[in-house]
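Undergrad: Note that the protein sequences, when read in sequence, are chains R and Z.
The letter at position 62 of the first sequence is residue 62 when you use our numbering, and the numbering goes up by one with no holes.
The letter at position 115 of the second sequence is residue 115 when you use our numbering, and the numbering goes up by one with no holes.
Derived by calculation from the structure, the hints in this document are not laboratory data.
Please read these numbers as outputs of a predicted model, since none were measured by experiment.
Glycine is no exception: its CB is placed at the ideal position from the N, C-alpha and C atoms.
Don't take every hint at face value.
Stated by the list, open to error - Now the in silico label distances, taken between C-beta atoms and shown as ranges:
| hint | chain 1 | residue 1 | chain 2 | residue 2 | range |
| --- | --- | --- | --- | --- | --- |
| 1 | Z | D16 | R | G152 | 20 to 30 Å |
| 2 | Z | H38 | R | A139 | 25 to 35 Å |
| 3 | Z | E106 | R | D428 | 17 to 27 Å |
| 4 | Z | H38 | R | N3 | 25 to 35 Å |
| 5 | Z | D108 | R | A20 | 18 to 28 Å |
| 6 | Z | L155 | R | L243 | 49 to 59 Å |
| 7 | Z | K107 | R | L243 | 30 to 40 Å |
Claimed, not checked - Here are the simulated SDA-like pairs of lysine to any residue, each with C-alpha atoms no more than 25 Å apart in a straight line:
| hint | chain 1 | residue 1 | chain 2 | residue 2 |
| --- | --- | --- | --- | --- |
| 8 | R | K47 | Z | R56 |
| 9 | R | K47 | Z | P63 |
| 10 | Z | K107 | R | M18 |
| 11 | Z | K140 | R | K261 |
| 12 | Z | K152 | R | D161 |
| 13 | Z | K140 | R | H39 |
| 14 | R | K47 | Z | P110 |
| 15 | Z | K140 | R | R183 |
| 16 | Z | K107 | R | M1 |
| 17 | R | K261 | Z | G92 |
| 18 | Z | K107 | R | R28 |
| 19 | Z | K113 | Z | I76 |
| 20 | R | K64 | Z | P110 |
| 21 | R | K64 | Z | R56 |
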Amino acid sequence: MNNEQASLIARQLAGESMAAELLEQCRRDPAVLEELARHVALERLLKAGAGAPMLAEEVVARLKYEQTGRPFAEAVTNRLRAMAGRRTSVPRWLAAAATLALLLGFGWLALRPHWIGHPTFARIVSIESVPCLDATPLAVDTRVGTRPIRIGPGFVQLRFDHGTLLLVEGPARFSLRNGKEVRLEYGRAVATVPLAGHGFRIESPAAEIIDLGTRFGVEVRPDGETEVHVLQGKVLVRGQWELRATELGGAEAVRVNSREKLHETVAADTDRFLTELPEPELDRPARYLHWPFDEGGGGVCRAIGVGMDGAAGTGRLQPGLKRDGGEADHGPDWVPGVLGSALFFDGQGDHVETGFPGIAGAAQRTVAFWVKAMPNEPLGFAALGWGTFSPGNVWQISLNPWAHEGTLGGLRLGIQPGEAVGRKNLCDGRWHHVAVVMYPGSETGEANLQTHTLLYVDGELEPTSRKSFQRIQTLTDTQTATPLMIGRSADSLHTPTFRGFIDELYVVDKALRREEIRRLMAGSIL
Amino acid sequence: MDQAAVISKVLGGDIDAYGELVRECQSSVRACLAVRLHDVSATDDIAQEAFIIAFRKLKEFDPGKEFGPWVRSIAIHCMQNHLRKKRPLGVGDADLLSRMLDAQLEKDHPAEKDGAGEQLRQLSICLEKMAPPQRALIEKRYFQNESIASIKESLGLAHSTVTMRLHRLREELRRCIEQRSSERTAS
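I would like the entire structure built from these sequences, with the hints used as guidance.
TA: Encoded structure:
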């Protein structure tokens, strides 16, 4: 092995691209390939050996979980079917399961202090709907070090010790290299970097992005192709094969592909990134109205108010119009529900009118309820809604009736125009729990359908097939504003109305986390 | 460890006993995967998957044979599935070199032998024997994942100096591992 060959191997392992030269050397002398392989093997063993693996504990825990756990939704619905009457306290089985899960979680963290890294560089400040892919639970306030983290659909937000906020949207795999460097294998991330964090870097398989004082979004596809969109300020972007970086400013974007050695300008699309996840408001209890629909008969359904005026939520059952224009002789039907009784809306105008004006403006909120709709039946435009029927000023939730706007029967939030539509068709004759969450608006008070709302189905974050970019400003105090209506849209009684079943409706003045939504789903109070 | 006895306990429903088997074999499985993977960070995911599959197939395992080679072969199969999904087809010199390297590594580390596992076990001892400044450089690069640029800035060295120092340190580690392995074989 001569010095030139040794130098080529050293430079190749240092990340320089010496493939052509090394190939030439390998062809001339097979010993070069053997030596390269020995160095590569040792380097890989050094990387794999870093940190103390707790593989055996992970495997055993996963096997035990597989033997005893079952899907959350199935457990909830089985339990609810068995419930004879209303419960207002947390069911004992749920409390026991939650305690066990908590103990297992603490046990995990105790068994594997190495997972949080040694040293650590950041703290998890928010988590939303992230399934555990590594058999390693993520928890708010956990410190994070160098161990790779893999998440499913959902969000994890970290705050570095120097102040940078990193919001990662899954599916994603990433790791912290040190206090100012992140490796993003795939997924989306938005970095908001203060002055103290200048020089913060995100590296992907295709590119390196260096902050110059900014907020920027990065999307890395599974094949490594990387897009960088600058929301504010400036960054430097360098393809992994490039020696020089190029500067990118606000509202500019590039796509980088290292296989094809492409580094090209693309249209900036900053709206695709959720930029911040509010940290849990642990000290602020939720205020809400709850319609259990347990009257079982009569023309009125009452609301239970916690922190809100329950009387305003009193709903009067209203009949629809007959096809010949005459009034029907009854409104929604009382039927057996998920818990107690529920209401069935016939799609011919049946609805419930309340006096509750709804949650206004860009204020955070959650609307959650159980819904059932039959397959192959016409869908109306709103299961419920409130507001003023003008762009961005109405808030309506339905099962999507229009194929050109997304999955038919998917959970839909519409603000007319503008909609977010879930991917799963819920019109299958079974009860589904749905929740629509809106996060608080930005510092300027603006909230957007695309970046401030999340949909949940059966306790899980629902991927959306369509999410419009539209500002939300729900108007509840105009002359034409309608209060909360259940079973019809806010614009007119003469448009097709909702056909299906609704039970256990909650309107909450807070953006609920997945765990809180699951508690509602299980029949617990907040 | 009496592997046959442990396997018998596992087949009797003792999952914790399986943990003993995993501990016994984890370094060899991890090493076997690590030397083959471009993305070494996937090692533990794939190793975990392999042990889970091995557990589910444990009834098919011949207790007269060694558990290690069997689970390593499962791990390589998992790795190949992983690479089929993840690894893009490429052309050009880098990919050709990569394929040649893969073939050489496969030849150097056959799954039925635990060569890579033995290297991994000796590696930690050889690291401890290094002088602190050298060990610190290895730790910066491979444990803290610092880039060459970052290392050169923090140490005040030229890029080529850092590159060659790392190269020589790898050679030093390799000599130590080979010497220790041959001493163990001789004894």
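Undergrad: All the hints need checking, so say for each whether the structure fits it.
TA: Results of checking the hints against the structure:
The supplied range of 20 to 30 Å is met by Z/D16 and R/G152, whose beta-carbon atoms lie about 28 Å from each other. Remark: the range hint 25 to 35 Å for Z/H38 to R/A139 is upheld by a beta-carbon distance near 32 Å. About 49 Å separates the C-beta atoms of Z/E106 and R/D428, a value inconsistent with the hinted range of 17 to 27 Å. Between Z/H38 and R/N3 the beta carbons are some 27 Å apart, a value that agrees with the proposed interval 25 to 35 Å.
For the pair Z/D108 and R/A20, the supplied restraint of 18 to 28 Å holds, since their beta-carbon distance comes to about 24 Å. Taking 49 to 59 Å as the suggested C-beta distance range, the pair Z/L155 and R/L243 does not conform, at roughly 21 Å. In this structure the supplied range 30 to 40 Å holds for Z/K107 paired with R/L243, their Cβ-Cβ distance being about 34 Å. With a C-alpha separation of about 29 Å, the suggested pairing of R/K47 with Z/R56 is violated against the 25 Å cut-off.
Between R/K47 and Z/P63, the direct Cα distance comes to roughly 33 Å. Violation of the 25 Å bound is thereby established for this hinted pair. Taken as a hint, the Z/K107 and R/M18 pair is honoured in the structure, with Cα atoms around 23 Å apart against an allowance of 25 Å. Using a Cα cut-off of 25 Å, the hinted pair Z/K140 and R/K261 is violated, with the two alpha carbons roughly 29 Å apart. As the CA atoms of Z/K152 and R/D161 are separated by approximately 24 Å, the hinted pair is consistent with the 25 Å bound.
About 17 Å separates the Cα atoms of Z/K140 and R/H39, which keeps this hinted pair within 25 Å; it holds. A distance of roughly 20 Å separates the Cα atoms of R/K47 and Z/P110; the hinted pair therefore holds under the 25 Å criterion. A threshold of 25 Å between alpha carbons decides the hint, and for Z/K140 with R/R183 the separation of about 16 Å falls inside it, so the pair holds. For the proposed pair Z/K107 and R/M1, the alpha carbon gap of about 21 Å is at most 25 Å, so the pair holds.
With a CA separation close to 11 Å, the supplied pair R/K261 and Z/G92 stays within the 25 Å bound. Between Z/K107 and R/R28 the alpha-carbon distance is near 20 Å, which keeps this suggested pair within the 25 Å criterion. Between Z/K113 and Z/I76 the CA atoms are separated by roughly 13 Å; this keeps the pair inside 25 Å, and the hint holds. Taking the CA atoms of R/K64 and Z/P110, the gap is about 32 Å. The hint is violated against a cut of 25 Å.
For the hint linking R/K64 to Z/R56, the alpha-carbon distance of about 12 Å falls within 25 Å, and the restraint holds.
Violated hints, in rising order: 3, 6, 8, 9, 11, 20; the structure is consistent with all others.
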